[in-house]
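Can you make the complete structure from the sequences, with help from the hints?
Residue numbers (this note's numbering), protein chains in the order written: chain A, 1 to 344; chain B, 1 to 258; chain C, 1 to 295.
Hint data in this document are derived by calculation from the structure and do not stem from the laboratory.
Beta carbons are placed, not taken as given, at the ideal position from N, Cα and C, and that holds for glycine.
Treat the hints with caution; some may be incorrect.
Where chain B lies over chain A, by a calculated footprint (3+ residues, C-beta under 8 Å) [said to hold, decoys possible]:
#	stretch
1	145 to 158
2	212 to 218
Only pairs whose alpha carbons sit at most 20 Å apart, straight line, appear in this in silico DMTMM-like list of lysine to aspartate or glutamate [as the list claims (entries may be wrong)]:
#	chain 1	residue 1	chain 2	residue 2
3	B	Lys127	A	Asp193
4	B	Lys75	A	Glu207
5	B	Lys74	A	Glu207
6	A	Lys292	C	Asp220
7	C	Lys267	A	Glu143
8	C	Lys267	A	Glu207
9	C	Lys267	A	Glu145
10	A	Lys292	C	Asp120
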Amino acid sequence: MENRNGCKLVDLPESTRRKDRFSFTLLVVIIVLIPVLVESKYYLIVLNIIGLNTIVVVGLNLLIGFAGQISLGHAAFFGLGSYFSGILTANYGFPHWPAMVVAMLATGAIAYLIGYPALKLRGHYLVMATLGFGIIINILMGELEQFTGGHDGLIGIPPLSVGGLTFDNDLKNFYLIWAFVFFCMLVARNLLDSRVGRALRAIHGSEVAANSLGVNTSSYKVKVFVLSAMFASVSGSLYAHYITFISPSTYDFYYSIQVVTMVIVGGMGSLWGSLFGAAILSFISEALHVAKQYHIIAYGVFLSLILIFLPEGVLVGIQHFYQSKKLQRLIAVKTPFLLWFNRF
Amino acid sequence: MSNSDSILELVNVSINFGGLQAINRLSFQVESGQIFALIGPNGAGKTTAINMITGIYPPAEGEIYFEGQVLSGKKPYQVTRMGIARTFQNIQVFQNMTVRENVMVGLHTRSRSEFVRCLLHTPMVRKEERMIRRRCNEILEFMGLASKAGLLAAGLPYGDQKKVEIARTLATEPRLLLLDEPAAGLNLQETHEMSHTILMIRETGVTVLLVAHNMDLVMGISDTITVLNYGEKIADGSPAEIQNSDKVVAAYLGREPW
Amino acid sequence: MDFSQQIAQYIITGLSIGAIYAIVAMGFNIIHNATGIVNFAQCEFISLGGMSMYTLVVLLKIPILISFFISMATVSLIGALMERGPIRYARSKEIIILIFLTIGLSGTLRGTAQQIWGTDNVGVPAFSGEDPIHLPVGATILPQHMWVFGITFLVMLVLRHFFRNTMLGKAMRATAVNRQAAALVGVSVDHMVLLSFALSGALGAVAGMIIAPISTTSYDTGIMLGLKGFAAAILGGYGNFAGAILGGVILGVLESLGAGLLSSQYKDATAFLVLLFVLFLKPTGIMGYGESERV
Chain A
1 MENRNGCKLV DLPESTRRKD RFSFTLLVVI IVLIPVLVES KYYLIVLNII
51 GLNTIVVVGL NLLIGFAGQI SLGHAAFFGL GSYFSGILTA NYGFPHWPAM
101 VVAMLATGAI AYLIGYPALK LRGHYLVMAT LGFGIIINIL MGELEQFTGG
151 HDGLIGIPPL SVGGLTFDND LKNFYLIWAF VFFCMLVARN LLDSRVGRAL
201 RAIHGSEVAA NSLGVNTSSY KVKVFVLSAM FASVSGSLYA HYITFISPST
251 YDFYYSIQVV TMVIVGGMGS LWGSLFGAAI LSFISEALHV AKQYHIIAYG
301 VFLSLILIFL PEGVLVGIQH FYQSKKLQRL IAVKTPFLLW FNRF
Chain B
1 MSNSDSILEL VNVSINFGGL QAINRLSFQV ESGQIFALIG PNGAGKTTAI
51 NMITGIYPPA EGEIYFEGQV LSGKKPYQVT RMGIARTFQN IQVFQNMTVR
101 ENVMVGLHTR SRSEFVRCLL HTPMVRKEER MIRRRCNEIL EFMGLASKAG
151 LLAAGLPYGD QKKVEIARTL ATEPRLLLLD EPAAGLNLQE THEMSHTILM
201 IRETGVTVLL VAHNMDLVMG ISDTITVLNY GEKIADGSPA EIQNSDKVVA
251 AYLGREPW
Chain C
1 MDFSQQIAQY IITGLSIGAI YAIVAMGFNI IHNATGIVNF AQCEFISLGG
51 MSMYTLVVLL KIPILISFFI SMATVSLIGA LMERGPIRYA RSKEIIILIF
101 LTIGLSGTLR GTAQQIWGTD NVGVPAFSGE DPIHLPVGAT ILPQHMWVFG
151 ITFLVMLVLR HFFRNTMLGK AMRATAVNRQ AAALVGVSVD HMVLLSFALS
201 GALGAVAGMI IAPISTTSYD TGIMLGLKGF AAAILGGYGN FAGAILGGVI
251 LGVLESLGAG LLSSQYKDAT AFLVLLFVLF LKPTGIMGYG ESERV
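In structure tokens form, the structure reads like this:
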């Protein structure tokens with residue numbers, strides 16, 4: 001469904017408050033239960049990657065799905081988080097948590113510097129500016145060898161620790177990462193159903209009208225851009241401390257495309273869609289790791305099919321499917337499962 | 001500084017767009033509490049005048065004053081904070097939000113929670129949200145939209161969308177409301193309702209500047225009318241005076257039918 | 001070589017790569033003007049052009065001239081099929097979705113190329129010999145560079161003639177300016193969109209084919225060339241043809257000068273830095289017009 005302006009109909013925070021309370025609780029339950037149910041180390045790693053991607057995607061969705069802007073350079077912010085945290089802790093012995101905060105603020109500052117001029121651009125110009133920025137940062141990661149370790153990457157990044165507890169295996173990082181996922185989603189949810197969130201969505205709806213209602217649209221666009229960069233940075237820091245080794249190849253143009261794809265596949269403007277989008281695409285990415293040579297073509301085909309047939313995103317697509325008359329005729333009685341699923 | 005007590009004053013305002021003189025030395029005053037109509041054939045510059053008042057285009061010449069303060073040169077979001085609100089000729093309701101949310105955005109200038117506070121959902125934010133909701137409900141009641149508050153704007157009929165846009169502007173607590181073609185696209189009954197709504201709004205103390213084509217609407221409710229043609233003022237006065245003005249008739253009839 | 005000769009060398013090299021960027025930029029412009037979207041699969045048109053030449057000329061020993069036109073036609077067909085198939089059938093016409101669809105199709109094409117040709121860089125013979133030519137200004141160029149200049153010039157002439165003097169070209173321009181009006185005077189907008197993809201395919205292939213002998217080619221050489229071509233289009237003013245040429249030349253020359261004088265490792269970064277610099281100064285590109293919303 002689209003309106004005249006081409007806005008996608010979005011997940012309306014106001015109408016989903018009760019559903020969300022339920023969903024967040026469910027998320028906590030699942031997070032706690034998964035390690036009990038899932039034994040395989042491999043799956044834990046995949047879930048951790050999904051979690052890290054989700055944090056980036058939630059932030060990016062605020063920018064793309066809700067404020068209606070675009071960025072094809074977010075790999076840069078993810079990478080800046082990793083490199084700032086990594087360099088400060090591995091090379092200079094900084095305490096880890098403050099380093100993450102510094103990384104977040106530094107990344108935010110850089111995002112402000114690039115965002116301020118870039119967000120005056122519209123449409124394809126903005127696409128290109130963010131794209132160019134992402135590529136430049138990626139190149140710098142490889143070339144500024146004295147700081148970043150160059151193309152070989154940065155090693156020896158210490159894992160995070162709290163008190164006596166060090167997050168040095170997949171299971172512990174699972175809890176850490178997903179705690180952050182929970183917090184980030186909660187915070188994003190708070191933002192969306194607030195004065196600022198409405199202002200952002202208004203900008204997406206009609207920038208000129210938003211301006212006429214007193215919203216300083218240029219300022220807000222930059223701020224949400226900075227916010228999305230900070231989300232990515234936090235995720236990047238967590239990634240660096242988790243894997244303990246980073247290299248420029250992780251933060252390339254392809255990753256920028258991947259995260260925006262996750263936003264779209266999950267459903268632009270759908271908070272929970274961010275989680276689903278990240279989950280589906282990360283899972284496919286990892287599953288294809290086995291047959292590395294098919295990665296590109298499988299990804300391309302999958303993405304194309306989703307965009308052709310389920311452009312509103314997988315979540316909404318599934319919802320429509322379950323709500324379709326056809327299926328309801330097949331299922332004589334609306335099962336409790338369907339009712340529950342409808343909450344999303 | 002302006003030298004009158006009017007709520008809005010334009011003094012010799014001009015603007016051109018790449019060689020086309022859209023507005024030429026336009027001057028008029030709007031008194032507080034009036035319903036002031038700005039009419040003229042298509043392309044006369046009425047919407048451009050509104051765009052200049054609200055800061056979308058700065059005037060090339062002349063000054064605009066609001067309650068004695070200089071208005072020209074301010075950005076749109078600043079103009080709104082000063083107490084002026086407007087509707088759009090090609091309706092700019094937020095299709096991606098509900099009726100209630102549309103009006104809540106209108107309260108943006110009357111609330112203050114910023115990014116960090118909203119992210120953390122602090123008690124101040126909660127208190128402000130309650131205030132916003134309350135105010136919002138009051139306005140929806142006033143405009144008769146209470147029953148449709150939870151509906152997505154995109155699904156509403158045109159007439160209701162126009163009401164939502166007006167409700168939204170009322171939320172900004174304006175002292176001056178600029179209505180750009182409020183009756184465009186409305187049928188006879190809806191136009192009557194719109195007239196009534198505008199009068200109700202004036203009752204609450206808001207001054208209304210109305211740009212319109214619909215003569216019934218204009219003649220029916222305006223206190224004073226200013227007529228533009230080709231960006232210049234050609235007449236002003238009471239509805240009766242304007243109706244009897246040859247100049248005005250010639251301007252309208254002398255143009256190609258639109 | 002003394003300094004001025006070096007500069008001359010960088011400039012000439014820059015002009016030749018700039019010509020490639022210009023052709024690619026035009027491909028982007030044509031589709032944008034017809035549909036409003038960015039076609040990221042343009043990158044694959046470039047790669048496929050080069051790889052197709054490899055298969056035809058090196059593996060199948062078909063003469064260069066014939067291979068040139070076969071490749072151009074084939075990639076053009078691929079472009080057309082892309083439009084007629086996935087893009088036409090996409091349920092959503094929203095621009096951002098279609099742009100991402102082209103990214104998905106780009107991946108599909110690239111993945112297919114990977115399956116067919118693997119990931120190796122391969123060489124393609126120059127069109128007419130490989131002995132360097134020494135120019136009076138002290139720069140040295142390959143015969144292939146002359147081909148690049150020559151073919152680019154020819155392409156510009158043909159396109160200019162097409163858009164200015166032929167009915168079809170004018171119909172395409174009309175569609176770009178105002179779809180509805182064009183449709184009302186009898187232009188088949190669907191055909192124009194199809195044609196724009198076919199034309200962009202041909203242009204991408206040409207770009208890939210003329211550069212292949214100079215810098216080898218592989219299944220993904222088109223990506224950087226494509227992105228920089230897109231940058232050139234934006235730099236010159238998106239959708240503007242003179243802009244495409246100007247953007248391509250400026251980008252190519254500045255990139256070459258930057259790589260030569262400052263640092264070759266930052267070559268790719270230079271192109272995008274130039275782009276960002278221009279965009280921040282003049283958001284609509286060098287020759288672009290402002291986009292304003294009528295209220």
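query = Among the hints numbered above, which are violated by the structure, and what are their numbers in rising order?
reply = 1, 8
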